[in-house]
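Number of protein chains: 2
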Amino acid sequence: MSSPDNSQIRFIKRPEGPVGADSFEIISGPVPEPATGQVVIRNRYLSLDPYMRSALNNVENLGRPIEGRVVGQIIASRHPDFREGDWVFAMGRWEQVSLVDGAAARHVNTNIAPASAYLGVLGFTGLTAWSGLKHYGALRAGETLFVSAASGAVGSVAGQIGKIRGLRVAGCAGTDDKVAWLLDELGFDAAFNHRTAPDLAQAVARACPEGIDVDYENVGGMVFDAVFGTMRYGGRIVVCGAISQYEREPRPCVPNIGDFITKRLTMRGFSVRDHAAEIYEYIEEAAGWLRDGKLKYRETVVAGIESAPAAFARLFSGENFGKLVVDVG
Amino acid sequence: MSSPDNSQIRFIKRPEGPVGADSFEIISGPVPEPATGQVVIRNRYLSLDPYMRSALNNVENLGRPIEGRVVGQIIASRHPDFREGDWVFAMGRWEQVSLVDGAAARHVNTNIAPASAYLGVLGFTGLTAWSGLKHYGALRAGETLFVSAASGAVGSVAGQIGKIRGLRVAGCAGTDDKVAWLLDELGFDAAFNHRTAPDLAQAVARACPEGIDVDYENVGGMVFDAVFGTMRYGGRIVVCGAISQYEREPRPCVPNIGDFITKRLTMRGFSVRDHAAEIYEYIEEAAGWLRDGKLKYRETVVAGIESAPAAFARLFSGENFGKLVVDVG
Chain A
1 MSSPDNSQIR
11 FIKRPEGPVG
21 ADSFEIISGP
31 VPEPATGQVV
41 IRNRYLSLDP
51 YMRSALNNVE
61 NLGRPIEGRV
71 VGQIIASRHP
81 DFREGDWVFA
91 MGRWEQVSLV
101 DGAAARHVNT
111 NIAPASAYLG
121 VLGFTGLTAW
131 SGLKHYGALR
141 AGETLFVSAA
151 SGAVGSVAGQ
161 IGKIRGLRVA
171 GCAGTDDKVA
181 WLLDELGFDA
191 AFNHRTAPDL
201 AQAVARACPE
211 GIDVDYENVG
221 GMVFDAVFGT
231 MRYGGRIVVC
241 GAISQYEREP
251 RPCVPNIGDF
261 ITKRLTMRGF
271 SVRDHAAEIY
281 EYIEEAAGWL
291 RDGKLKYRET
301 VVAGIESAPA
311 AFARLFSGEN
321 FGKLVVDVG
Chain B
1 MSSPDNSQIR
11 FIKRPEGPVG
21 ADSFEIISGP
31 VPEPATGQVV
41 IRNRYLSLDP
51 YMRSALNNVE
61 NLGRPIEGRV
71 VGQIIASRHP
81 DFREGDWVFA
91 MGRWEQVSLV
101 DGAAARHVNT
111 NIAPASAYLG
121 VLGFTGLTAW
131 SGLKHYGALR
141 AGETLFVSAA
151 SGAVGSVAGQ
161 IGKIRGLRVA
171 GCAGTDDKVA
181 WLLDELGFDA
191 AFNHRTAPDL
201 AQAVARACPE
211 GIDVDYENVG
221 GMVFDAVFGT
231 MRYGGRIVVC
241 GAISQYEREP
251 RPCVPNIGDF
261 ITKRLTMRGF
271 SVRDHAAEIY
281 EYIEEAAGWL
291 RDGKLKYRET
301 VVAGIESAPA
311 AFARLFSGEN
321 FGKLVVDVG
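Protein sequence lines correspond, in order, to chains A and B.
First residue of the first sequence: 1, per the working numbering; consecutive thereafter.
First residue of the second sequence: 1, per the working numbering; consecutive thereafter.
Worth flagging that the hints you see were computed from the coordinates, not collected in a lab.
Do not rely on the hints blindly, as some may be mistaken.
Given that identical chains are not distinguished, each listed pair holds provided it fits within a single copy or across any two copies.
With a cut-off of at most 35 Å between alpha-carbon atoms, the simulated DSBU-like pairs for lysine-lysine come out as follows [unchecked claim]: (1) Lys13 x Lys134; (2) Lys134 x Lys263; (3) Lys296 x Lys13; (4) Lys294 x Lys13; (5) Lys263 x Lys13; (6) Lys134 x Lys294.
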C-alpha cells in the first residue's frame, strides 16, 4: 500500500516570460508501489537542466511533476537486476520518490565518483559535450574550438575535451569569476565575460585570433552572431543549445547564408537523446580523465526538493555556476 | 604576332547597388599568341552566372575582363592534346578570344549536345545541382525536395534529379511562365510564384504539405525564411546560392538556431569548385538522362559579346529564364 510520504513539485502554470516559482506548487503525494518489472527510487539528487524549459511550454505537463534525471537508491524492486539499497540513475520526476521501469534504470558506481557526478560530469551533461563533439565536431588537433556558456555543466566538459584532443580552446561566460575559473582551473587558452564585453565581435576575434574551426554552441542570440562572423573556412557549428533564446520569441531574421557558401560551413543541431546508448563508453573514458586530473567540474547543490523551482529559474538568469543539482535529502 | 582583333569587356567600376552596364566598357584587345603548353580559344559561348557577382566587389579585377566559363574552338595550340578546330570548355574571360593553359581546357563532344549545353545542363551549372545533392543532400526516395529559383540553370537540374531519384519535388520561381514550365514540362509536383504569393510561409506549406526533407537553396532572404520554418525532422539544407542577397549588405544573423536542435537540422554550404573533378562522371550520367528525355533544359541566348553587361544585370532582376549564355558569334 502507498503511504502519503512523497513531496512532489507539480507544474501548475505555464510561465509568461521568465520562469518563476509561481509556475509550481509543492504537494504531498503517495509513495508508489512497484508493479512487475518496476523499481521505486528514493531520489537523492535531482538534475536541473536548461532543456527542461521546453516542458513548461507544454500544457500536457500541467498538474504533474516535471520529468527530470535523478540519482538515488532503490527502496523497492520488482525487477531482477535491482535490490534495495542499489544506487541507480534514471529519468524520474521532481519528487522525493520516483517509480520507474527497471529497464530504464542504470546502476552507478559511487566508488568512482560521488553519486551527484552521475547527473553531471559522468552523466548526460558530460555525454552531451562528448557526443556532440565526437559525432558533429570532427575535432582536429591544432584547430580552435570556441565554447559559449563555457563554465556551464556542458560547456566546461566540452572545453576540457577540446584541450584533451589538442585543440586551442576559447570560451565565454557571464561573470568574471566564471571566466577566471576557465582560465585558471580548466586551462582554457582564452576566455571573456560576454555580459561586460563592450563589443562581442571584437571579444571573440581577440579570443580566437586565427578564427574558429569548431563552435560548440550553447547560447545563441548575440553571442552566436559574433561567433558566426569569426568562423573559419570549413568550420563546424555544433548546436547543442540556445539558452539566451529559450525565454523569448524566436527572432525574425533574414539570415546571411552566403557565409555558409564562401566558408563551406556546416551547422548541425543535435540532442544527447540520440546518443543515450553511448553513456557507458563515455563514463569509462571520462572516469579515466577524472582520475588523471584532466577533467574538472563544479557543482551548485541546493538543499531540499522545495528549492527546485527557484533554483531552476536561476539557470536562465546566469546566477548558477557549474552543474546545478537539488539534494533531495 | 598578336593582331588587334579581340573585343573584350573590361570591368571598370565597382557597382554601388544593382549592377549596371556602366561598370563595363568594350575595348579592342590583341589576339594572344600561345606559349608552350597554352592554347588560344575563339570563344563561341560565354556563360553568365550569379556567382560572378562577387568578382565585381573585388577591386583587383578592375581594368580587366571578368573571368567566365567559355565553350569555343581552338585557333592556336602549343599543347599536344589540342589541335585547331577542337571544341573545348575552359575558364576564359569576357572576350572573343581567350588564352588559357591547355591543362585547364577540356574537350567537349558536340555530337552529344550542342556546344552551349556544356555551359549549362552538361556543364558546371548542372554539376552544381548534381554534386550538391549527391554530397550534401542524402536524398531518399519518397522524401520531399524543395528548390528555390527552381526554373534557373541550377535549380531546374536539381529539381529534375529529385524526380529521377524518386522524391516529391516542389519549388518556386519569379514569374507565372516559369512556374508553368516547372509544372508542365519538368514534372514538379508543386510550384508557386514567390513574387506574387501573398504569404510565403503559407505558399511553401501548401506546396509541401508534409514538410521539407531537403532544401536546395539558391535564393536566401525571405524565401529561405519561409522554407526554414517548413523543414522536417532530420532535414538537410544544401546552400548553393543566395541570389536575393548578393546586391545587399549581409545581415549578420542566422535563423532561429533552436530549430536546429529540435529538428536535428543540418545546413551545409558548398561550391562546385570543390567537385570540379566529377564533371566527367556527371556528364556521362546527365547525357543519358538527356537522351531518355528525363532531363530538360532551357537557355536564354543573347547575341554578341557587347550584350554581356546588360544580360548579366538581368540575372539579378529575374528577367532571365533558364541558363543564360552569350553567343559571342
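Exercise. For the identical chains here, do Lys13 and Lys134 meet the 35 Å Cα criterion within one copy, between copies, both, or neither?
Worked result: For Lys13 and Lys134, the Cα distance exceeds 35 Å both inside one copy (38 Å) and across copies (48 Å).
Exercise. From the Cα coordinates, with 35 Å as the cut-off, is the pair Lys134 and Lys263 best called within, between, both, or neither?
Worked result: Close inside one copy (22 Å) and across copies (19 Å); limit 35 Å.
Exercise. How would you label the pair Lys294, Lys13 (within, between, both, or neither) given a Cα cut-off of 35 Å?
Worked result: For Lys294 and Lys13, the Cα distance exceeds 35 Å both inside one copy (43 Å) and across copies (57 Å).
Exercise. Between copies, within a copy, both or neither: which fits Lys134 and Lys294 at Cα up to 35 Å?
Worked result: Only inside one copy: Lys134 and Lys294 sit 18 Å apart there, 41 Å across copies, limit 35 Å.
Exercise. Should Lys263 paired with Lys13 be assigned to within, between, both, or neither, using CA atoms and 35 Å as the limit?
Worked result: between (45 Å within a copy, 26 Å between copies)
For this session: Give the relationship of Lys296 and Lys13 under a CA distance limit of 35 Å: within one copy only, between copies only, both, or neither.
Result: neither (37 Å within a copy, 58 Å between copies)
When the structure is compared with the earlier hints, violations turn up for hints 1, 3 and 4 and for no others.
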